[in-house]
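Undergrad: My request is simple: use the sequences and hints to build the entire structure.
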Amino acid sequence: MINCIIVDDEAHAIEVLTHYIKSVDQLNLIASFTKPTEAITFLGGQHIDLIFLDIHMPTLSGLEFIQTVRHKNYNFILTTAYREFASNGFDLDVIDYLVKPIPFPRFLQAITKVQKTINPMPQQGQNESMDADYFIVKTASKSKMVKIYVKDIDYIEGMKNYVAFHHNGIRTLALTTMKDIEEKLPEKNFMRIQKSFIIALNKIVAISGNQVILKDISSEILIGETYKKNFLDTLKKQMINPGT
440 MINCIIVDDE AHAIEVLTHY IKSVDQLNLI ASFTKPTEAI TFLGGQHIDL
490 IFLDIHMPTL SGLEFIQTVR HKNYNFILTT AYREFASNGF DLDVIDYLVK
540 PIPFPRFLQA ITKVQKTINP MPQQGQNESM DADYFIVKTA SKSKMVKIYV
590 KDIDYIEGMK NYVAFHHNGI RTLALTTMKD IEEKLPEKNF MRIQKSFIIA
640 LNKIVAISGN QVILKDISSE ILIGETYKKN FLDTLKKQMI NPGT
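Take 440 as the starting number for the sequence shown in this note's numbering and just add one per residue.
Any given hint could turn out to be false.
Unchecked claim - Subject to a maximum C-alpha distance of 25 Å in a straight line, what follows is the list of computed PhoX-like cross-link-like pairs (lysine-lysine): (1) K627 / K642; (2) K577 / K590; (3) K667 / K539; (4) K586 / K642; (5) K642 / K618; (6) K618 / K461; (7) K642 / K668; (8) K552 / K618; (9) K667 / K555; (10) K599 / K623; (11) K555 / K618.
Stated by the list, open to error - Pairwise CB distance ranges, derived in the manner of DEER restraints: (12) K586 / F481: 39 to 49 Å; (13) G483 / T551: 22 to 32 Å; (14) Y573 / K539: 38 to 48 Å; (15) P542 / M440: 21 to 31 Å; (16) V644 / E477: 46 to 56 Å.
Don't read these hints as lab results, they were simulated from the structure. Bear in mind the structure is a predicted one, so any value in this text is a computation, not a measurement. Cβ coordinates follow ideal geometry from the N, Cα and C atoms, glycine included.
TA: Right, dumping it as structure tokens:
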């Protein structure tokens, strides 16, 4: 889990980022601040991994904020309506720079960079992720573990206390989280299309309106509004005639 805070003097900007952050399981919003000095005081007693930071603020600018706390080695994503400040931000080794209004797919790209920085992929010879042919999950049944082949997964459903793997006509409840699964699944083969569903891209048969139809699955899966554009942009790369 990546603990984060927002520092922005605009309430609307905080509302947008709060909505985006709550749409991503890997992110945990601890607090938000309209006054940068209050955020600096707050940081003194908290474990924070990531700071969403507006550059253009009264009293203390975002760049001055970074200079003040840089000895703590926080990760920063800068947010601002002023594109000309970007080079100054990258001089301070921030992870990314988002120009307002921030599209959700662009936000997700920045979070991917954060994940690679905070949780880098293992080197050759270290433990592999689910890029292997199969993996083992601990099920809801006491002391029972199940082997699931990645190629057999149709979709994964997040539930209250479990994750349900729908694979090869079987539904397996596992004691894990959507966060852990999404981090380990091969990105080229799987995509989250709403908060509670990850689908196998190679199992898509059709898309009808806001619904995805998967091979051998009787029920359709609704595409979440915040994930829709990123999902359709990915599919468009495979279209013979994507149009405009």
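Undergrad: When the hints from earlier in the document are held up against this structure, which numbers fail?
TA: The structure conflicts with no hint, since it agrees with every one listed earlier.
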